[in-house]
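Colleague: Here the protein sequences line up with chains A and B, keeping their order.
So in the working numbering, spot 105 of the first sequence is number 142, and the numbers just go up one at a time.
So in the working numbering, spot 70 of the second sequence is number 72, and the numbers just go up one at a time.
Be a bit skeptical, because a hint or two may be false.
[What the hints assert, rightly or not] Restricting the straight-line Cα-Cα distance to at most 20 Å, the calculated cross-link-like pairs of lysine to any residue (SDA-like) are:
#1 A:Lys134 <-> B:Thr17
#2 A:Lys134 <-> B:Ser63
#3 A:Lys134 <-> B:Glu61
#4 A:Lys106 <-> B:Ser85
#5 A:Lys134 <-> B:Lys13
#6 B:Lys59 <-> A:Arg105
#7 A:Lys40 <-> B:Asp97
#8 A:Lys106 <-> B:Gly42
#9 A:Lys134 <-> B:Val21
#10 B:Lys13 <-> A:Asn131
#11 A:Lys134 <-> B:Arg46
#12 A:Lys134 <-> A:His86
#13 A:Lys134 <-> B:Arg32
#14 A:Lys40 <-> B:Tyr33
#15 B:Lys59 <-> A:Ser78
#16 A:Lys134 <-> B:Lys55
#17 A:Lys40 <-> B:Gly42
#18 A:Lys134 <-> B:Tyr33
#19 A:Lys134 <-> B:Thr57
#20 A:Lys40 <-> B:His43
#21 A:Lys134 <-> B:Tyr66
#22 A:Lys134 <-> B:Asp97
#23 B:Lys59 <-> A:Asn131
Keep in mind the hints are simulated off the structure, nothing from the lab.
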Amino acid sequence: DAKTTQPNSMESNEEEPVHLPCNHSTISGTDYIHWYRQLPSQGPEYVIHGLTSNVNNRMASLAIAEDRKSSTLILHRATLRDAAVYYCILRGSNDYKLSFGAGTTVTVRA
Amino acid sequence: DAGITQSPRHKVTETGTPVTLRCHQTENHRYMYWYRQDPGHGLRLIHYSYGVKDTDKGEVSDGYSVSRSKTEDFLLTLESATSSQTSVYFCAISDSGTDTQYFGPGTRLTVL
Chain A
38 DAKTTQPNSM ESNEEEPVHL PCNHSTISGT DYIHWYRQLP SQGPEYVIHG
88 LTSNVNNRMA SLAIAEDRKS STLILHRATL RDAAVYYCIL RGSNDYKLSF
138 GAGTTVTVRA
Chain B
3 DAGITQSPRH KVTETGTPVT LRCHQTENHR YMYWYRQDPG HGLRLIHYSY
53 GVKDTDKGEV SDGYSVSRSK TEDFLLTLES ATSSQTSVYF CAISDSGTDT
103 QYFGPGTRLT VL
């Protein structure tokens, strides 16, 4: 499986944007970039995914580098509820499983 | 929220006893998964199912078995629990094998 590298932790202030980087230099052409997050004492939840183009949804935006070797998850206005572990996952177009790494622990200060 | 429940939510058992965890869904999704989460390892896939009576192994399947006799239920059994199986177990569902996975609330299992 292609690997991802994320910072261990990041801090943000409430209502400020948060930019979460992910490096995936060995990504293959058919790998999708998925982001999940896990709130304390809960199961993971889907955030967003993309292949080549930038993506937006109600939760976040995903910016993908032109060479696809890195990507950034953007939370536009962090709230206390966004404090979680965020996982960047590469998933092939035919992959059934998700391979979770250690993720980035995001702390939001009030 | 996807309709996924897990039972029990917490269980303490002794080494050598059998344990069954249940995952129940109301979404009629074809795929169901069991993961375990341990500090330092993230979530790892134990087994998954791609239909009634159709199951396959994941990356950490030793010591676990599964069964799926109905679309809505996926059971994970530890035939003889060991302390190394102390973990938090998550069930997930997806409509197809490559779709978004939706996770249940988890079961915290402690094997003494």
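Colleague: Now tell me, hint by hint, if it's right for this structure.
Modeller: Against the structure, the hints come out as follows:
Restraint check for Lys134 of chain A and Thr17 of chain B: not satisfied, since their Cα atoms lie roughly 30 Å apart, outside the 20 Å limit. Restraint check: the Cα-Cα separation between Lys134 of chain A and Ser63 of chain B comes to about 14 Å, which is no more than 20 Å; the hinted pair holds. Among the hinted pairs, Lys134 of chain A with Glu61 of chain B is consistent with the structure: their alpha-carbon atoms are about 10 Å apart, no more than 20 Å. Restraint check for Lys106 of chain A and Ser85 of chain B: the C-alpha separation of about 40 Å exceeds 20 Å, so the hint is violated.
Pair hint Lys134 of chain A plus Lys13 of chain B does not hold up; C-alpha atoms about 26 Å apart against a cutoff of 20 Å. Distance check on the hinted pair: Lys59 of chain B and Arg105 of chain A sit about 31 Å apart at the alpha-carbon level, beyond 20 Å; violated. Note on Lys40 of chain A and Asp97 of chain B: the hinted pairing is violated, with a Cα-Cα distance of about 25 Å set against a maximum of 20 Å. In summary, the hint linking Lys106 of chain A to Gly42 of chain B is not supported, as the alpha carbons are separated by about 25 Å, beyond the 20 Å threshold.
Between Lys134 of chain A and Val21 of chain B the alpha-carbon distance is near 24 Å, which puts this suggested pair outside the 20 Å criterion. In summary, the hint linking Lys13 of chain B to Asn131 of chain A is not supported, as the alpha carbons are separated by about 35 Å, beyond the 20 Å threshold. Of the pairs offered as hints, the one joining Lys134 of chain A and Arg46 of chain B holds, with about 9 Å between alpha carbons and a cut-off of 20 Å not exceeded. A distance of roughly 15 Å separates the Cα atoms of Lys134 of chain A and His86 of chain A; the hinted pair therefore holds under the 20 Å criterion.
With a CA separation close to 14 Å, the supplied pair Lys134 of chain A and Arg32 of chain B stays within the 20 Å bound. Note on Lys40 of chain A and Tyr33 of chain B: the hinted pairing is violated, with a Cα-Cα distance of about 25 Å set against a maximum of 20 Å. The hinted pair formed by Lys59 of chain B and Ser78 of chain A fails the criterion: a straight-line CA distance of about 26 Å is larger than 20 Å. Using a Cα cut-off of 20 Å, the hinted pair Lys134 of chain A and Lys55 of chain B holds, with the two alpha carbons roughly 19 Å apart.
Proximity of Lys40 of chain A to Gly42 of chain B is assessed by CA-CA distance (about 16 Å); at most 20 Å being required, the pair is judged to hold. Taking the CA atoms of Lys134 of chain A and Tyr33 of chain B, the gap is near 11 Å; set against the 20 Å cutoff, the hint holds. Our distance criterion of 20 Å between C-alpha atoms is met by Lys134 of chain A and Thr57 of chain B, whose separation comes to about 13 Å. A threshold of 20 Å between alpha carbons decides the hint, and for Lys40 of chain A with His43 of chain B the separation of about 14 Å falls inside it, so the pair holds.
Proposed proximity of Lys134 of chain A and Tyr66 of chain B is supported: the alpha carbons are some 18 Å apart, at most 20 Å. A C-alpha spacing of about 13 Å is found between Lys134 of chain A and Asp97 of chain B, which places the hinted pair at or below 20 Å, so the restraint holds. Restraint check for Lys59 of chain B and Asn131 of chain A: the C-alpha separation of about 16 Å stays at or below 20 Å, so the hint holds.
The structure does not agree with the numbered hints 1, 4, 5, 6, 7, 8, 9, 10, 14 and 15 stated previously, though it agrees with the rest.
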